[in-house]
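A.B. asks: The listed protein sequences derive, respectively, from chains A, B and C. If you use the working numbering, the first sequence corresponds to residues 1 to 316, in order. If you use the working numbering, the second sequence corresponds to residues 1001 to 1445, in order. If you use the working numbering, the third sequence corresponds to residues 2001 to 2278, in order.
Hints in this document: simulated from the structure, not taken from any laboratory. None of these values were measured; they are calculated from a predicted model. Wrong hints could be hidden among the right ones.
Claimed, not checked - To give a feel for the contact side, a few chain A residues facing chain B, derived at Cβ under 7 Å: (1) Leu61; (2) Tyr73; (3) Ala163; (4) Gly165; (5) Ser168; (6) Asn258.
By construction, the Cβ of each residue, glycine as well, lies at the ideal position given by its N, Cα and C atoms.
Here is what each chain is made of, one letter per residue.
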Amino acid sequence: MASKSSVVTLPAKARARRSVISGRQHLAGYLFIAPWLIGFFLLTLWPILRSFYLSFTEYSLLDDPTWIGLGNYEDIFLNDRIFVQSLKVTFTFVLLSVPLKLFFSLFVAILLNKSIRGISFYRTAIYFPSLIGGSIAVSVLWRNIFDLNGYINHVLSWFGIPAVGWLSNPDTSLLTLVLLNAWQFGSTMVIFLAGLKQIPSDLYESASVDGATRWRRFFHITLPMLSPVMFFNLVLGVIGSFQMFTSAFIITNGGPANSTYMYALFLFEKAFKNYQMGYASALAWILLVIVAALTLLNFALSKYWVYYEAEGGRSK
Amino acid sequence: MTKASKKSKWRLGLTLLTVALALAGCSGGNNGEGGGAPNANDEGSGGSAVKPVNLKIMWWGPDARHQATLKALDLYSKQTTNVTFTPEYLAWDAFWTKLATLAASKSMTDVLQMDGAYIQDYAKRGLLEDLSDIDLSGIVDSKLIEKLKIDGKLYGIPLSHNGTGLAYNKADLEAAGITLPAKDWTWDDYFAFAKEARAKLPEGKYGIADNSAGWDWFQFYQTSQGKDPIMVDGVKFNLDKDLWFQFQQTYEQFRKDKIVPPAQVQSAFKENDPKADPMASGTVMTRTATVGSVSVLEGMLPGKVGVVNNPTGPSGGGWAQATIFLSVSSSSKNKEEAKQFVRWFISDKEAGQALGMTRGIPINEEIYKELEPTMTKMDTIGKDLLNTALDKALPFYPAPPGWEDFVKTYQTEMESVMFGKQSLEKAYENIVEKGQETEEKLSKK
Amino acid sequence: MMNRAYAKGPMSHLTLTAVSLIMLYPVIWWIGASLKKNTEMGLPSLWPDTPMWDNYIKGWQVTAEYSFTTFFVNTLVMEFWSVLGGVLTSAIVAYGFGRLQFALRGFWFSILLLTMMLPGQVTIVPQYIFYNNLGFVDSYIPLVLPHFFGGGAFFVFLLVQFIRGIPRELDEAAKIDGASVYGIFLRVIFPLIRPALVTVAIFTFIWSWDDFFGQVLYLSSIEKYTVGLGLRMFIDQFEIQWGQLLAMSLLSVLPSVIVFFLAQKHFVEGIATTGIKG
């Protein structure tokens, strides 16, 4: 294993593979991505282009779309207060829930990354909340826990804290949804776990020989080696959180007073409740631009902290 | 693993995939053709005048309704041997999402259940067939039919009676010694009832809910005072400022005096949910109800529920009208068969027996009489509600297309007021702004 | 392994038990509630006075014609193809993006990521029209087919990240042994990303189980209903059969729990334990 020493010291290796790419290499590349490429042209591209076109139309779903140019976009940016509100709600949600979820899931993944008796049961138990995701039954469950006379208030009352309608008060409702979302950290955690398992154990062994402390090993081996997976979870966390829909839809329905009116819920109601699919499409494309810009930023910043073993160090 | 065995595994996988896709493709193709196949067969064999027809039909509802309707469809196929059905049944929310998608792909079912809240949306865009030429004499009261017409045309055959009113927790009110609501009570009586209930009920229990965020609750108030609805003829915005402030200030005072539940209790209510329903949970003594929903409430509070009509003003209060329909889609290729079926659906006695009360009180008096002997309290409570509502009922004002947007704004602005985050004046301003915007959009069309 | 030092201590059992209990409280509540009558649902008690096993019996036989047996079989068959498609193709595509150099690679990868950022609510109607024109509506094709084309951007990106974490020296060694890019994929990369592939399989399974929106649009005959659609039959505008809904929802997550339980041990067989014959 040539890589062990390199990880601890992280030397920037020359990326020598920049040289000329042969025709056969191009062909191989395209052959491998062909399944996706074919699917993209066959299944994905048309609906995307269509929704882009629809964003310049008034389209009720029930009759044919009529071209109105930038009309929807003008309405959204100039007149729509709910657009501003839902953006505010969504940005707050993303800012709070992404870091919280990353932290939780990394913490638990490290706890679960060991071979002790019964670990399978612990893993499954901890993953369980993430399995019940979007089921309607969950909405009752949440209300049962966060209700005025629910479980949380019951526990708080032992400490003399007055009852709060966690989900029915505009000051706490969004925060509660953030917590619920963080509680379902299973998928992120599993990805971390898979990432942890991929770290070669001899790295730790040689570090132990060097006398590195546990914290040192964590910061100098675990974190750098885990950074590609961390980066993945961050990027996908941001993309996913911006489109957060289910919990707002089934638990709070956006309320009270629009305090949990997530962008995706706003968009859904425009499309399927108000029958304004053109408007909804414009909203979707605005979201796409926002998320794409943030993702681009994420990729740009990744140069400074994501370490790819295959590239032999931090890319420049 | 060796290279060779891996290769063969791959090949196996790919073969399976191909076979699966081919199989799936075949079955999919067959389904797409739907009723086409039997057509071809029978034409060859028969030569008779009746051509076999497959009607696609879609409705929403709970399981009891599904089972009853399937039975009725079977019955019709036995009586009218050339007609078969492809039924599809969903829950309320999913139904409307799917129906819009079907409309967009121009593949709506031949026959579909319709609701008063949506019929304008679909009718005005030419998606529903005019059913005025179906002879309903002796089945449905012709005055009732006239009321249902949109621009002079009938876009849905009414299936059942509906009406609004209030349900109240009779047992608890009597126990607390509170005067029970009486038929044709006024808004003043209603507010007085709320105050009396506050005085006699323990803390945390209330006589009435805080309905200030519901646009329709205020519309009831406005129209009961002899004014027009909030959207006159579906095009002109008309929110009476004085009445509105009078009404909302009453509620504001009630919130201060704890006559209505505090905002965070109110916004946690979810009707018909056993734990979160304002009345079933025991928090509030009254609740708005319709003929359709009151039996569910009776189911949650067996034997405890009483009904009364909406509070009235000088010109009346509430509404009583059919809100569930069967419509025929204008793109159907079997319109005549569909129309015949729709008429049969509300007139045939056997069908009436099969369907029972699964869509509320049957519109056809004769069928209702046949069912009456076997009814339980859950069945009759809807009828009781209808009976109290009929006398003073005002017209039903259907929501104009795109109204949901206004509903949402009204609710949000008023919730902000309820939570003390906004003044009534500011809320009024925003609601009016939205109303005028909606008016502008509607008059453009 | 880094944690081995304190892994065996009673502390970790204590922490893990505590965390598990917090996570499992809802399940305990859920089991209790699934045995309640509709009228008991509002009570704060965790457990009903007399358990209504009927909720399970009646709930299972949701309609006169079809029971959850049909729905479970339908869903599992559908899931089988989705998982197969996802696992087979995502690794291939990810290897292309993660290891090979070819023209416009960056461009296509950006497009791949972009397809994730457009909310599905606005593409679903055009998509429905597309499948409707092909006559694929009321079949599982629209739900399964996309999994055979790379399994979705999420999984491709996930595997790309894992592949980029595998040392290039392994490729080089294989190359010296005479392996082509295809050989490297099959003999080096594919075995090494197995833990990640298990993740792909689990997530595909769980997420397509949950995809209610797609299922409600594309499946209309009840004999083709999935578990998710079956559950919706307990719900209507005014009326919800809570006991039966909760009972069947609980059963509906069991397959995912079992799949997760069986699959999770494969995470352990990562690069650390399989060893590398480089």
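A.B. asks: Hints broken by the structure, by number, lowest first?
C.D. replies: Hints 2 and 3 not satisfied by this model.
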